[in-house]
Each structure stands twice: as structure tokens, then as C-alpha cells.
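2 protein chains.
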Amino acid sequence: MSKNLTQRSEDYSKWYNELVVKADLAENSGVRGCMVIKPYGYAIWEKMQRELDRMFKETGHQNAYFPLFVPKSMFEAEETNAEGFAKECAIVTHYRLKADETKPGKLMVDPNAKLEEELIVRPTSEAIIWSTYKSWVQSYRDLPLLINQWANVVRWEMRTRLFLRTAEFLWQEGHTAHATRQEAIEETEKMMNVYADFVENFMAIPVIKGIKTANERFAGADETYCIEALMQDGKALQAGTSHFLGQNFAKAFDVKFANAEGKQEYVWGTSWGVSTRLMGALVMTHSDDKGLVLPPNLAPIQVVIVPIHKTDEQLSAIGNVADELMAGLKARGISVKYDDRTTQKPGFKFNEYELKGVPLRIAIGPNDLENGTFEIARRDTLTKETVAMDNAVEYLATKLDEIQQSLFNRAMEYRNTHITEVDGFDEFKDLLESKGGFLSAHWDGTPETEEKIKELTKATIRCIPLDRVAEAGKCVFTGKPSAGRVLFAKAY
Amino acid sequence: MSKNLTQRSEDYSKWYNELVVKADLAENSGVRGCMVIKPYGYAIWEKMQRELDRMFKETGHQNAYFPLFVPKSMFEAEETNAEGFAKECAIVTHYRLKADETKPGKLMVDPNAKLEEELIVRPTSEAIIWSTYKSWVQSYRDLPLLINQWANVVRWEMRTRLFLRTAEFLWQEGHTAHATRQEAIEETEKMMNVYADFVENFMAIPVIKGIKTANERFAGADETYCIEALMQDGKALQAGTSHFLGQNFAKAFDVKFANAEGKQEYVWGTSWGVSTRLMGALVMTHSDDKGLVLPPNLAPIQVVIVPIHKTDEQLSAIGNVADELMAGLKARGISVKYDDRTTQKPGFKFNEYELKGVPLRIAIGPNDLENGTFEIARRDTLTKETVAMDNAVEYLATKLDEIQQSLFNRAMEYRNTHITEVDGFDEFKDLLESKGGFLSAHWDGTPETEEKIKELTKATIRCIPLDRVAEAGKCVFTGKPSAGRVLFAKAY
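Top line first, the protein sequences correspond to chains A and B. Here the first sequence stands for residues 0 to 491, where the numbers follow numbering that gives the first Met the number 0. Here the second sequence stands for residues 0 to 491, where the numbers follow numbering that gives the first Met the number 0.
Chain A on its own, in the form it takes in the complex (with noise of 0.2 Å):
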């Protein structure tokens, strides 16, 4: 399988294409722009969404459940946002079908069956949290709220890919509302470090916090805080974004709360939200020609285990062997795999585990029955060394505690080396071909000379990053002043 695969080198988005099919992660369906996630690739999704929520939780937030549908009205009524997403929704005019007469067997959209009041189906909840808000909210003392809900949304793109561009797409979005200014902000900042934390830790995908500049920014919001990652082709992936809104969803729909003084006041407000796009982050960081690299905290199976054998009862031999090695990895809340298959040779299994990413694969055979060993093959190095059966389990766990972390210094070593401080705007388009990457360059500020540099080179500023020093210096495209230097980058 894995020798079809497209390399890298080649054509790296192909790759990225087909590797997410192969490895049974996602495919498109019958319905445009719309991708069905398979068994594989969701349980990759359940391992995320159960630890980001272990996270929102520990931060003080609860779940809750809104419904699909905003009424235009509703959708209008904070028009930055609603000017944001008009162009991409899908809308719900009808609410019945009805026998064609013409076509027998065919349905037909009932014409008596037409709303008083389209429907939007939600590319974002604000609006419909929002109008809700507003009888949940009275006085200081129901502040603050601090909800997350799990949902699927729909934006309608015209060119769509798999995880990364899709028209429904399924997320979490955070929406919280304060008491006071200071407080929004700082939950908006605390979320963008929640999430660099998610990601960093738990994806081993090293990130850049940052600031997005007005073009960029959350249709609706004053702020939008952003973490920021490097693929493997140079490209930006916006990984997870948390929006300080202001007063504008309050003002909107009239949400306001007496304060301790009695005097009413608008709400404050934030929301944050990361989707199923960092399942391409996922793959786009780590993986490589043979198929996924998964970093164990992610992986469906941590370790697999192929019988090496040529009779049966070597094979009843290998799985005493297995089965306790097994009993041990479980008791470890490591989750393996042993797979005995006779209808399938070793070469063809290792191939299928390589292709999709297992951290570690197990191979014994009969001299290793003799010699109390086993071969272990890493996934991310593709080196194997043969070690003793004693132990196995603590060496395991401790080869997967590795794995992780060498992902991660393996894509923050490539993300370091692939920041580049650009002066001149020869060198910055030279470098965005041919090297890619973050450049670092000084920005006048404008967001007219950010839209002629995207015309120009399809470059975006990916953020204003958060640690970034002041430093004089003139604009990489005008040369007027500039306080500091800003990220650019192509980016998914």
C-alpha cells in the first residue's frame, strides 16, 4: 500500500490527499464538500475532543447544546459577523417534500411548504448563544457564564479538503460572557494558552501565540488571539483561535446585568473554538512517505504485536507470549494490538501499521520465544532494536513517553530553523518560494499594504506574536515606520 503513496517531494499535497485516505482517515462523500470521517480517523478525534474537554472542565467550564438553526433576523443582528458569514451558509427555506408528480418515484420540494423565516445553518453559534444569553444574564451574580458546546457547522467553501477546508466541519466553540473588560480579555488569553497547551503537549506541534491583524480577525470581535503552526511544506496552519468580542454581542442583543452598584451595564464577551482542521495539522506536521506518524498521546493503538511464525504452534507460543505482554501494556493504560491474522503475511502488516502510524510495532518470532526477546520497530525513527521480555512493559511505556516528545523537538527544530527575519521585499518573495516558513519582517501597520502584499506573494500575516520586541524598523514592502516585526506566511 504504502509504496503508492505519493512522496513528499513530489507533490506534497497530493501526498497529504491520499495519505488521508489510505490510512482510513477521512474521505469525501457523495455530498459536495462535505467528508466523512472513518472509524480510524474519528477515534483520533475522540482522543482530542476527551482531553480538551478534560481541560475546559478543569477550567471551569460545562458543556451545553444550542440549536443548528439561526433565524435571519437573529444571524443580522450583529452585522460585522453576520457580513463575515453571509457569503458562505447554507440556508433552510423549505420544510417539506412532497411526490413529484411528473417523475414517478422522484420527490420535489413542497411550494406550500416555504418558511415565514429562513433558517442559517450555524456557520458559528454567537448569534443564537447570544440572543439566549440574554435572559440568562440579570445580575453581576449570573457572571460569569463559561460554556463550550461540541457541535458540527457548516460554511460554505468552494474549494474544500479533507479536515482542512470542509463545508460542515465539526468543533467545539467556547462562549463566555463578564462582568467586566479585563476579565474577557483574560479568558481570552487563557484559552489561546489552553489550546497552545492541547497542541503542544498532547499533538506535539509546536505553535506561535500570537495577535491577528484587523484583516484577519474574527468577524464580530475586537481581538482575536491566535496560536500558529509550520507544516512540513512551509505553510502556516492556524491551529486554534480565541476571540476577545467586546461589548459587540451584548450591544447586539441586548444583553446586559446589573452591576453590584445596580446600574445596568453591557456584558462582556469571548469565544474560542478549534475544529477538525487539526487533524490535518496533525498529519502535515509529523508524517512522512510511508504514511502517518502518530504521536502515542493520539494514537487509536499505541503499540501492535505481529506474530513472526511459520507453524501453528509457534503461533499458539508467540500468543502466550503476546497475550501476557498484552495483560501488562493494558494494565499500563497502553492500548495494543495483536494482530494474528493467517491471512496476511508480516511484511504486508508492517506495511499497513507503518502506513498508519502505530507508535510501535512488536515483532516475535520463534528465536525470540528461545531468547526471552522481541524486535521493536519505531515508527517516527523507522530504526528496530531486539530487546529482552523482562521489563517490557516499563520500556515500552518509556519508548512512548520518548516518541512524543522527539515529535515534538523533531517539529520545533524545523519550525526554528524555519523563521527567517526578511528586511527586503526581493528577499521575502525570493524566500516564500523557496524556502517558505515564517518570515519575520517589519509591516507598516496598514491593512492596505498587507492586502497588496497578499496580491503580491498570497503571503498573510499570520500574527503579531505575542513575545515579539520592540524594534524600529521600516515596513518591508513601503518602508514607512514600523514598531516591530510581524509573522507572514503562506497558510492553509
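For the record, the hints were derived by calculation from the structure and aren't laboratory data. Some clues are possibly wrong.
Copies of the same chain look alike in the list, so a pair counts if it works inside one copy or between any two.
Each computed DSS-like pair below joins lysine-lysine, with the alpha-carbon atoms no more than 27 Å apart [as the list claims (entries may be wrong)]:
| hint | residue 1 | residue 2 |
| --- | --- | --- |
| 1 | K113 | K102 |
| 2 | K13 | K434 |
| 3 | K489 | K234 |
| 4 | K428 | K489 |
| 5 | K46 | K329 |
| 6 | K13 | K262 |
| 7 | K289 | K21 |
| 8 | K234 | K21 |
| 9 | K434 | K102 |
| 10 | K21 | K255 |
| 11 | K113 | K97 |
| 12 | K86 | K113 |
| 13 | K489 | K451 |
| 14 | K46 | K56 |
| 15 | K489 | K434 |
| 16 | K46 | K208 |
| 17 | K489 | K398 |
| 18 | K250 | K86 |
| 19 | K97 | K336 |
| 20 | K336 | K56 |
| 21 | K102 | K86 |
Please read these numbers as outputs of a predicted model, since none were measured by experiment.
Once you've looked at the hints, dock chain B against the given chain A.
Only chain B this time, still in chain A's reference frame:
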């Protein structure tokens, strides 16, 4: 608060609606027929999800995710299914809004953004899933497919009630494919049994397992198995269904496999689901005039501790005792909350936790500190006792088990005393009005009689019980011969 709750004997339906809102489970939204599931309600749903998900995985199923939308041509492929859902589906016809030039700040559907083919918001996912299975199944080696999806679905109901009947609801839907008819039937029955196990042992709601008549069968199924529960007002509630789909969807979507002899055969299918409707069953089975009564397995808070104090010193001393108790309970896996708000009196808190159905409430006062005791109040029986602090954790754990069992027993006793054998139609009508419950009666087996009885009495055949005994008799309505009794009831 609870003093404002309508009593069940006054108006059961009003009691239910009020309770769902007052106990913070859910509320109506600004979108017709769609509900908001509030954090407390969602926390209960999450507990259901977690347990069901565990049970599905234990029985070999994997989760996946399929698109929200179904193109019309795909929707209509299985004609019986399409007909069954055509009258109540939300239809997406456009994919863009634009500025309404006649109304500043308002948006309108862009007539230039009409879809070539309408998309149906899934009312159920057989069509989209079977259209996908076509490419997943070639050989008998690819079978069985054992897949589950957690998702939202939309059915355009005209009269809606929180949890019981909403335009959008949350559910899980299993969709499996098998090589043989026998295996598919076994799967259908297995999942009905999983549901019965869950609803009885986790939700403490007794159910009757049975088969639906043709009239009540899922559109597109050859056989629908169901579990039926009985609410406190004598009306039945279908708590879960499991459908044997025969080869209907395989034929509609041309899903064939090569059997071991290399011959092409159509695949056999099942589907099965339970939904947020179970929340309604939960409320209506156990709760009382003071509010929710939650089985400990489903209670987000299983034990609440309320300090009774006059001075800050007392509060602090009680806090120390509570801390220790909480640590012990948490270590035992019991969820506990300590409510030391000083803004509310104990009586207010007692009412609040009664309303919210917390199974055990503990009060600790200064006397308790002296005596090494605490007061414990059971929500289900509304009884109190004073017990020693020594060994408190074990005592409380035992109490929780006792409550879980006791709720089931109470519901079972109610159910058992509300199944009545009836042989005459006058008695049938009388009993239906005076007592309700399941009426076990003979039926001549025709859809016409079933329809007629429904017209006259609003009672439907809830199921043909799996454990019914063969008994020759005469139809309660027509007097024609019958081979055994079926269960009639008015139903939600």
C-alpha cells in the same frame, strides 16, 4: 422555587414543562421547535452518552461521522424511507445571503446562489451512510461493518415539547452491515438488549421488549424492535428502537459483496438509535412534585453538603469536616458539591437541590461537630436520618446503590400494576381514560383495526412483547381470531 411547581395531579403535562425549565435542564430557543440544552441537562446527557458509548464499543462498534446533508436524489433512493420522512424535513436550497438593498443592515437570500440540487438536513442517516458503504464493501471479508454515529438530526415536527419532540434533537445512530440475514437479526436483537440493559440498569427505568406492528415500523425496515417504558401518567414512551433493515438499503444503494464462493450478494443491514428523548423519560419516570429525582448513576452531583452555621468559626470548622468527607467521596468516585454560599439560607439550598434531584443531601451543623454525626436526606423518599461520621463514605456509597435500586423497583411496581388484560372494547376505553397504562388485549392482526382503535381512543399498539405467550382469543375490537395479546397504550 419548588412551591411554584405545578403538582402532577393538577396538570401532569404542565408539571413536566415547568420542571424541565426550572431544574435547568433545557428551554425553548428563539428557533421554532428547537431547544437549548442547558449545562445541568447536558451534564446528564453526557453521562448517558459515556455509558452508551462504552457499551457500544464493548460490543465491537466504532464511531464515525457522516455528513449533515443528504442530496435529494440520495434521500429518495430508498422509497419507503424517503416517503416516511419527506413530510417533515428541513431543506437547504441556497448557499449565500446578500445585502438587502431595500432594507439597510438587513440580509436576503441571494437568488443567484440557488443549489443545483436541494440538500435535506438528515432526519436519520441511512441514505447517506448506505451510499458510503457501497465503496466500503466488496468482499465478505469487509463485513460486518459495525458503526455508530453521535449526531444531531432534524425532523420538522409541528407540535414540539422539550426533549420529547423537538425539531432538532441529539442522538446516536448505529448502522451495521452483515453478510447474512441471521447475523443482521442477531445484531438487531443484541442492540435492543443493550438499550434495555442501559435504560433499566443505568436509568432505573423498566422496559418491555417487543416488536412494532407494520403501522409503527421504521420507514424502510423489515422489522422494528423496541423497548417501551411507562410514565407516571400512564402513557407509554418508546425509549429506543433497533431496526432490521433486510436488504432494502443495500438494494437501493447497490451495496453488494462477494461471498466466500465468489458470488455477489446484497448486504443485510440494521440501524438503531436512542436520543435526548430519554431525558424526557428520565424526568417523567422518577420525579415528583418537589422536582427532579435523579438515579445516582445519572446525577451530575450525587451528594451535596450544606453547612448549617451561625458564626464564621462554625462555618470554618464545618468546612474542615466537609473537606475530609469530600476527599473520601471523590476517591470513591462519588461526585460531591459543598455549598458554602453565604448569600443563601440553608432552606433555600435544600429546596434548590430537591428541585435539581440531587440523590443525597448532607447537612452538618454545630451539634453534628460535637457528636461526630451529620444529617442525611434522601431525595427519593424525602426521609432524613442522623448518622455517624465514622465510615461515612462507605455508608453513602451504599445509600447511593440503594437509591438506584429503589427507584427501579418503584418504577417497576408502578409499571407492573399498570398492565391490565382487557377483553371488551368498552372496558378498554374506560380503562384507558381512568387508569391508563398498558392494555394487554387481543388484536386481529390487521393495520385497519389498529388504525380504527387509534382513531377512536388515541391508543396505539406499543409492541408485540417478545415474551408473549401464545393464547387463542378474539380481537378486542372486531372479535376476529387472534393468536396472542399485544400491548396498547396512549404514548408520547
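(request) Give the relationship of K489 and K398 under a CA distance limit of 27 Å: within one copy only, between copies only, both, or neither. (result) For K489 and K398, neither the intra-copy (35 Å) nor the inter-copy (61 Å) Cα distance is at most 27 Å.
(request) Evaluate K289 and K21 at a C-alpha cut-off of 27 Å and name the case that applies: within, between, both or neither. (result) Result: close within a single copy only, 11 Å intra versus 57 Å inter.
(request) Can you give me the call for K489 and K434, within, between, both or neither, at a CA distance of at most 27 Å? (result) Only inside one copy: K489 and K434 sit 11 Å apart there, 71 Å across copies, limit 27 Å.
(request) Can you give me the call for K489 and K451, within, between, both or neither, at a CA distance of at most 27 Å? (result) Answer is within: at 14 Å inside a copy they meet the 27 Å cutoff, but 68 Å across does not.
(message) Please sort K113 with K97 into within, between, both or neither, judging by C-alpha distance up to 27 Å.
(response) both (13 Å within a copy, 19 Å between copies)
(message) My question is about K46 and K329: at a cut-off of 27 Å on alpha-carbon distance, are they close within one copy, between copies, both, or neither?
(response) both (17 Å within a copy, 24 Å between copies)
(request) Pop the pair K86 and K113 into one bin, within, between, both or neither, using alpha-carbon distances up to 27 Å. (result) For K86 and K113, the Cα distance is within 27 Å both inside one copy (22 Å) and across copies (13 Å).
(request) If the cutoff is 27 Å on CA atoms, where do K46 and K56 land: within, between, both or neither? Let me know, please. (result) Classified as both: same-chain Cα gap 16 Å, cross-chain 14 Å, threshold 27 Å.
(request) With 27 Å as the alpha-carbon cut-off, assign the pair K46 and K208 to within, between, both or neither. (result) Within one copy only: 23 Å inside, 35 Å across.
(message) Within, between, both or neither: how does the pair K434, K102 come out at a Cα-Cα threshold of 27 Å?
(response) Answer is neither; intra-copy 58 Å and inter-copy 50 Å both fail.
(request) Using 27 Å as the alpha carbon limit, work out where K428 and K489 are close: within a copy, between copies, both or neither. (result) Classified as within; 11 Å inside a copy, 73 Å across copies.
(message) At most 27 Å between CA atoms: does that hold for K21 and K255 within a copy, between copies, both, or neither?
(response) between (52 Å within a copy, 22 Å between copies)
Going down the numbered hints, you'll see the structure goes against 6, 9, 17 and 19, while the others check out.
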